[in-house]
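Put the two chains together into one complex, using the hints given.
Residue numbers (my numbering), protein chains in the order written: chain X, 1 to 596; chain A, 1 to 575.
Bear in mind the hints are in silico, worked out from the structure with no lab data behind them. For every residue, glycine included, the Cβ atom is placed at its ideal position computed from N, Cα and C. It is possible that part of the hints are untrue.
Claimed, not checked - Quick partial rundown of chain X residues pointing at chain A, CB under 10 angstroms, derived from the structure:
1. Arg-244
2. Ile-368
3. Tyr-489
4. Glu-498
5. Phe-515
6. Gln-519
7. Pro-520
Stated by the list, open to error - Pair by pair, the computed Cβ-Cβ distance ranges are:
8. A:Lys-174 with X:Pro-520: 30 to 40 angstroms
9. X:Pro-520 with A:Arg-534: 53 to 63 angstroms
10. X:Asp-93 with A:Thr-22: 48 to 58 angstroms
11. A:Ile-17 with X:Glu-258: 33 to 43 angstroms
12. X:Ala-232 with A:Arg-61: 30 to 40 angstroms
Stated by the list, open to error - Below, computed lysine-lysine pairings styled on DSSO-like, alpha-carbon distance capped at 30 angstroms:
13. X:Lys-522 with A:Lys-376
14. A:Lys-121 with X:Lys-248
15. X:Lys-227 with X:Lys-325
16. X:Lys-101 with X:Lys-126
17. X:Lys-522 with A:Lys-207
18. A:Lys-117 with X:Lys-248
19. X:Lys-522 with A:Lys-399
20. X:Lys-248 with A:Lys-187
21. X:Lys-569 with A:Lys-187
22. A:Lys-207 with A:Lys-187
23. A:Lys-207 with X:Lys-569
24. A:Lys-62 with X:Lys-415
25. X:Lys-522 with A:Lys-129
26. X:Lys-479 with A:Lys-237
27. A:Lys-121 with X:Lys-522
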Amino acid sequence: MLPEHSPFAPAQRRSLEELLAGFSPAQRFWLAGYLSAAPLTGGAEPAGAPAAAGPKLTILYGSESGNSEKLADLSAKEAKKLGFKATTRNMSDATPADLAKIENLLVIISTWGEGDPPEAATTFHKALLSEEHDLSKLRYSVCALGDTSYTRFCQTGKEVDARLETLKATRLTPRQDCDVDYEDAHRAWLDEALKAFGPVATAAPVNGNGNSVFSFAAAPTQPVWDKKNPFASEMLERVLLNGRGTAKETWHYELSLENAGLTYEPGDALGVIPANPSDVVESLLKAAKLSGSESVEVSGTSKPVAEALREDLDITALSRPVLTKLFAFSGSAQLSDLLKEGNEKQLNDYLWGRWIVDALEDFAPKGIAAADLVSILRKIPPRLYSIASSPLAHPDEVHLTIAAVRYHANGRDRKGIASTYLADHVPQGEPVSVYIHENKNFRLPASGDTPIIMVGPGTGIAPFRSFVEHRSALGHEGKSWLFFGDQRYTYDFLYQLEWQEHLASGALSRLDVAFSRDQPEKIYVQDKMRERSRDLYTWLEEGAHLYVCGDASRMAHDVHQTLIDIVVKEGGKSKEAAELYVEDLRKTKRYQRDVY
Amino acid sequence: MSEKKLSANEGIKTRSIYLRGTIAEGLADLSTGSLSEDDQQLIKFHGSYQQDDRDLRADRRKHRLERAFSFMVRIRIPGGVVTPEQWIACDQIAGHYANGTIKLTTRQAFQLHGIIKSNLKRSLAGINKAALTTIAACGDVNRNVMCNPNPFLSSVHAEVLATSQAISDHLNPKTGAYHEIWLDGEKVESSEEVVEPIYGKTYLPRKFKIAVAVPPSNDIDLYANDLGFIAIVEEGKVIGYNVAVGGGMGMTHGNEATFPRIADVIGFCTPEEVVNVAEKIVLVQRDFGDRCDRKHSRFKHTIEDRGVDWVIQTINEYLGYPLQPARPFVFEDNGDRFGWVEDERGHFHYTLFVEGGRVLDTRDYPLRTGLREIAKIHDGDFRLTGNQNLIIANVSPEKRPEVEALMKQYGIAGCHEQSGLRLSSIACVALPTCGLALAESERFLPEVLNALEERIERIGLRHDAITIRMTGCPNGCGRPFISEIGLVGRGPERYNLYLGGGHAGDRMNKLFRQDVGAQEIPDVLTPILEHYARERQEGEHFGDFVIRAGYVAASTNGPGFHRDIKAEALQPVAV
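Only chain A is shown next, with the shape it has when bound in the complex (with noise of 0.2 angstroms):
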């Protein structure tokens, strides 16, 4: 049996000395905007991609200029709670150094982009200064942990908030290469064995993504996750966490060995045991999962290969002993509240509606403007969802009447009357600067809202959540797979649609027309929800429904989302 290929990845991992690589030399060199093809890959794992204006690429070098090459930053927020002083830098960061914009990301981080090679060191010193990191928020790691930012109960906040941080404070790569290349740390000489007892010097197969949850909000999307923890709360305090393992969006076009795959719940541990619980499953992930090909390496496919009950099996190994049976929960949904809401010690939180996670300024809307000054006096915290929306939480009831005002003269007081179907959407980046995209997203997603927004109206579906979401490519960064409703981009102006995903994230959709073109998807989409109108029953939500009208069949698990397609789905659309 000959031996397959390691991943190229693998060598630049070995090569880099715990991710140092060239990075230093090539940051220096400022005859080229971009790293060396190396460093671009290392650089993931210090939270950083290299992109570039991709509507600049064709005439670029007609000017005799390289591409217009910039980086995105990514900022780990476990849990996705800041400061209002954090929330400040990273506004001053965003227009002094990138594009004059915030992403929310679907994964409860900010996302700058635009930035230069020559102010990617004073952007990463900057967010290190308001005591925020970068580490680990891409690469073949640990990323950032998610956590439902429950506003209701804030005790049970705190402690999910806490075993989030812990979780990601101990999967944080240890190596000393990011404090030397970004905040001038002197370099530390030491045994390798020290420099990353939980990772060593080839860190993970691929990324590896951990979420916890509090029902019967499933806000966070803990199904798409590699490793979930179910918060198990009984009498306002959590008892426990249920496990989940195996979960991830990622898969490419035209290739059915990748698919998307929702996690399967396993097992519960204790709060005390939750850390070195999820310490031990990135060590079974680390160990057995595929180094070759970077298209088969996550978690899920560790999972799928070799089977559920192995990797309990496993699991229970490395623990020492095994995990207890997982406890009953609901999820009910995937969304957001808007709105205020009262906790029960008497602070308040409202949840605000950022179309597409885009924190910016337009002539009619200053948004931007409106949160850097309500940052300016606000005594509470900011919290980013998993849907790319904003809590200004914890808001003191004598603070509430001053917030409400900043939040009436930037008109974000009404930001979230809108259709139910706009509150529930979600958009990756896309173009220009995602250097995966096949198709526009964030800046069409919008377009396709508004067509959309006629018609529901006039259907009487206006105030129905129904989760839609639109991605640039199949990695799946917007989770398109486990929505209602997901256009996931094949091609300029070209999506496939797919059908049929649980309400609360919990079922995967199928595809039900390949290469919709982008003009034609209002029309594909607007008998189905006059049907749905017409004809669903009493709570009955749209995902189920497709399936019982037999739009769709049902996706059953991992390989199961390429099956039972429907014939006609691979036709051209006919309108």
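Bound conformation, chain X alone (with noise of 0.2 angstroms):
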């Protein structure tokens, strides 16, 4: 029963397989409940394993999406195994002051849109920033996360990093930027790191295999597929959400987890692993003078590069990195001039609106090399959507709600990679690569009671849908508020009928819409709020959780700033207290968001 690779001696496994055996399926549902989500200090330590006795060391992290998270929990296993005495650390609950206090640290922040930190780092990194404090005892590495097609890429990673050395701290080893595929830099930077702060205590027990029996991959909670290994998911269903008559094209999709063994929560993003269109890999390759049939090499197979266009690379996200790789093999002037220091204004402003086929076409008139190609292209990066569906209510399926991204720019026309890979190449019946992507900062409140407000215009619907239905199908009572925004009433009332039925049924208490493109003037869901203060604040002071999910660019950061005006208006209070009155909500988890 207990696999012979399970970390327990032979005699504890014995005894565990005759306990188990005496358990009801109830039980041992319990038990692995009561087991993943207890701490185990106290309990004996494994046999074998290291007491913790080695160096401390504070892993500190800042994570919008949840990958910071999840890169520190792993971190902070694997320094145990090396016998850290090891500590994970949310920045929404540290101080810069806090650092003063410790030695080693390791420090894992993403850097979101236009070069921002994560929602829940912004106060540790704005103060961090402008605060002074004598860190000259401290030691530290910093593993930022980012993606290479954002202009300023890892930038709250390079701040920290540049500021604890401003602030006398000791860089151990070298900052590590990672891109979308961060998995393989990020382990390599955390060996170099732990060798770094050893020495170590104790070295961590080894089985016949040389591997440590302490192996991430092994423990029970690693999902089977993962962004490595997804899960083909079959395309069950797809509508278009919205009328004849409008603008947009938000499509829902019904995917199938049937014998996949995944299981999610609300609030939990799905990853899609997409391919790219024909036409944009053909147009490539005559960009490029390729007949597309060439062998290339990738991640140690041999395939014809029209394939490895396809189906592993990204072939459209023009950024510094991929234009400085251009530059070795086409040596144009033009190109020079561009990535020159002093010119980032002209490299934004060509990099705006533009896929790699343009800087061929532009820069390398006379084609490249087929390995050249590839060499300069990164892992095609899984997209992460937030599931628009409640488990309970839909056994065995994930749905999701996403706009189709499709534009014109600089003379070509332009599309999302993932969301039209979605809207035109899966039909309904062919499978897709998913994996679920944990967000536990995305979650219902643990009490069913506890009323939620719910803001998410455009497809910042999805986790409300899926909130909604869970609440419904475990009978939980809170009163829940939804604000919704779009273009138009007619055409774009996402679920429409699926929150008349929910408002009947008691599931949604309330519903405020605001559309933007109904009137001359603009309304947006920040407007309904504000409309509504009074019965909002009411709300908050009750104990209800507030939720915001979608754009990150504008809305989430109005409706941020028209909750503080909330409380300055209802609450009677100044700015400052209202804005620590926000804070709050955000620090005990009742102001959540999932923004992007």
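Printed below as a string of structure tokens:
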């Protein structure tokens, strides 16, 4: 029953097996939850494990989608194996002053949008950059997460790294900047940093194969299907949610999880690994002057370049790193000029609304060899989409709400690769590569009686469909209030019939909608919140949790500001007090955001 | 004898607390674009119909959306006269909140279509801000009072317009509900008698239509109204009005108890008496109209059931004195005169043809923009005709060149260079917004006219005004039953063809062919038109010719509409 590689001595394994055999399924289920949730402090360390007597190590993370948090957890586990007394700490719960008290620090932080820190790390980040502290006792290393297709790649990590140095902390190993495909880079950084932080108290016990017996991959909580090994999920149904006459294209997809053994909770995201559309592949081949049949090596396997471009590589996102690599092959004087220091503005202007194919046409007019082309491209990144269904309401299914991105720029029709991959290339019955991406920072309240306020314009509606379905399926009776918005009432009221049913059944208590293009002036969700400020504040005072999902660039900021204004107006507080009130909501996890 | 059950609408009216219902609450609920069923009835009294885009019905659910609900708003304009400022205001509301078009109705009102619920209040507020209103534009009350927009004699027009407005004002509902709901007016508590001294809390059994005509023009189709006043003019002064009662168009296919009817002229009253006469006639219908069967509740049914003598006697009783005998008059036609005319004061009036009454911009013909630009400089007024056309009225000699330049610039100048048939056409809205439509009308009649024009050109009837009217259903918004050629929708792509209406709107037509396929209409009509071109007598109108030539029998009034239909009218069409 228990596998041989499980981290138990044979005698332990036998007694465990005996015990488990006597349990009912419900008892086992309970135990599994208990063990995964309860901190295992005070329990006996597994046989052979090193006592946590080594150097203390703090792993500080700032996470938006949960990646940094996941890497922090992973780092802590690895560090413990090496004997470190490692703890993880969320930046939302830390202050720069805390850093003066510690000696060993790993920082893992992501960058969002146009170089912004994760929402939960905003306060810490701001304080770190402005406050003066003596951190001369601190030794540190930073792992920065980001996306090279954004200009200010890993900006927050760079700022934290530089600032710690300024505050006299010692950089023990160089900062690692990770692109969307971050796993290997993080692992390399971690190994090096932990080595530098040594000495290690005791070596971790190894099994016969030389692998650590606590190898993370063997941990029972690790899902079978992940980013590296996605599940082939069948497209069960596709529904265009916008009515005829709309300017939008928002799709509802229903994917099968049958026999996947995958579970998720409301708030989680689904990772989708797209393939590139053939027209984009063809235009790139044409620009590179390749036939497509040239053989190239990708991740250790040989395949025709056309196939690699279609399935393995990011062939659209243009960035400085891509251009820099391209320059090595093309030697274009024009490109060299663009990449020169001082020409950042010209570079940004060039990058905006262009793809890699444009750069090939502009700077490599003679084409490029297949192997060289492949060498400048990064792996195709998976896209994360907030899950729109409750596993209780739709067993064995997972639903998504995705707007297909299409636009015209610089003489070419452009599209979002993943969103149009699903819209155009995955008909009903065809498989999609997916995995579950946990998001612990976007969770329904523990109590079903706690009121919830949900602000989700556009595709931001997705997790709230999941929330409302979930609470309804559980028979939870806490009040719920949804703010939704889009362009036009008649055409863009996503899931209108479902909301009507939820209102009728009581699963949804209140609904306010804002449609921006139904009248000369723009009306947004924050305007509706303002209109309802008194009730909204009353709900907050009653303990409501507030959730915001959707556009990060404008909406989330405007909603945040509106929230502060509402607390000022209805709570009779000063601006500073209102900011603290909202900050406290965030810290107590009563204000959660899932923005992109 | 058992009491008949009152129609559902009577209960809705009674419960509504003078037209309030739960409209305000319904407007606030934006989970749906619809109002409750009762409120959908009540909102008509406020000048609006809830509709939905029927073109989209089939696929809305598959997008997980409810029907594409929206509201039609009818702006009540007694006599159809608006100022340039009011025109601009309506144009702006049409652009901001409606579908970017203005429909000029057959009853001299504006209709705006496609206003969603969240924009309804601000639309109505905007209309009222322009000193216009929508109250009682629909519903079981007196509707917009029509009046001949006579551009020839401005003094007579001023008099009859004032009369129309006085009647309209007097018969308007007095409830505060309209102000409360749409204009944020204060709630006023008052005793019931005071709220609606004329109507009471159940208003009328059904809609009530009044029109004022100035012979020889019958362009407002007096005979189609519940109550008509025919101005008797002597030496440039209105000396009084003939009174006509009991007209109405609406009927139901396959139900012979329902029928169109033309009004009977029953007497004469002086200008001083006219408002009181209107009120007393409304009271007769309020007290005696059928409140059980809404298909049998128009004034025409009251009169048909009880007789014309009864109604004259009862009106005289309500008045407390007898109406004087009717004076002689002659109606020549019910069409419009297009182009420029000069009145006796030296002001100019231009009547322009608006196909289907739809004011909109197309790439080739930016009519809406052109009219807006004219409105910006116009020093007179705009007048809507009963035939869905528009008069740029009271243009001073100084302004005329400017107006003409704009008309030229926007392609309006030649708008009436059309066949006489097209200029005499009317089409109701029908699909996609009208909930009653059984077939296309406004979107389809132009196609029929295109096909017919080719033929009448050949036959030599290009300049003959033959009235042709199409409606999507037999309720009769386009007054199809008093036209020389009437096409009434019976089902998708199927129409009943009626012939033989009086050229002046003074005789009903008669069913000539039932269930004509949409594409067969030109072929069915062409031989008759050819016959007419060959054998008509001097001055003989098409409607008279088809009777003389035996295509149809002349309709006698009321139920007579359904008699003397030829057997072949009910046979399948063989073209």
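Hints, one by one, checked against the model:
no.	hint	result
1	Arg-244	6 angstroms, holds
2	Ile-368	45 angstroms, violated
3	Tyr-489	5 angstroms, holds
4	Glu-498	6 angstroms, holds
5	Phe-515	7 angstroms, holds
6	Gln-519	6 angstroms, holds
7	Pro-520	5 angstroms, holds
8	A:Lys-174 with X:Pro-520: 30 to 40 angstroms	34 angstroms, holds
9	X:Pro-520 with A:Arg-534: 53 to 63 angstroms	58 angstroms, holds
10	X:Asp-93 with A:Thr-22: 48 to 58 angstroms	50 angstroms, holds
11	A:Ile-17 with X:Glu-258: 33 to 43 angstroms	57 angstroms, violated
12	X:Ala-232 with A:Arg-61: 30 to 40 angstroms	31 angstroms, holds
13	X:Lys-522 with A:Lys-376	27 angstroms, holds
14	A:Lys-121 with X:Lys-248	27 angstroms, holds
15	X:Lys-227 with X:Lys-325	26 angstroms, holds
16	X:Lys-101 with X:Lys-126	19 angstroms, holds
17	X:Lys-522 with A:Lys-207	39 angstroms, violated
18	A:Lys-117 with X:Lys-248	21 angstroms, holds
19	X:Lys-522 with A:Lys-399	39 angstroms, violated
20	X:Lys-248 with A:Lys-187	42 angstroms, violated
21	X:Lys-569 with A:Lys-187	29 angstroms, holds
22	A:Lys-207 with A:Lys-187	27 angstroms, holds
23	A:Lys-207 with X:Lys-569	50 angstroms, violated
24	A:Lys-62 with X:Lys-415	25 angstroms, holds
25	X:Lys-522 with A:Lys-129	22 angstroms, holds
26	X:Lys-479 with A:Lys-237	71 angstroms, violated
27	A:Lys-121 with X:Lys-522	17 angstroms, holds
The structure does not agree with the numbered hints 2, 11, 17, 19, 20, 23, 26 stated previously, though it agrees with the rest.
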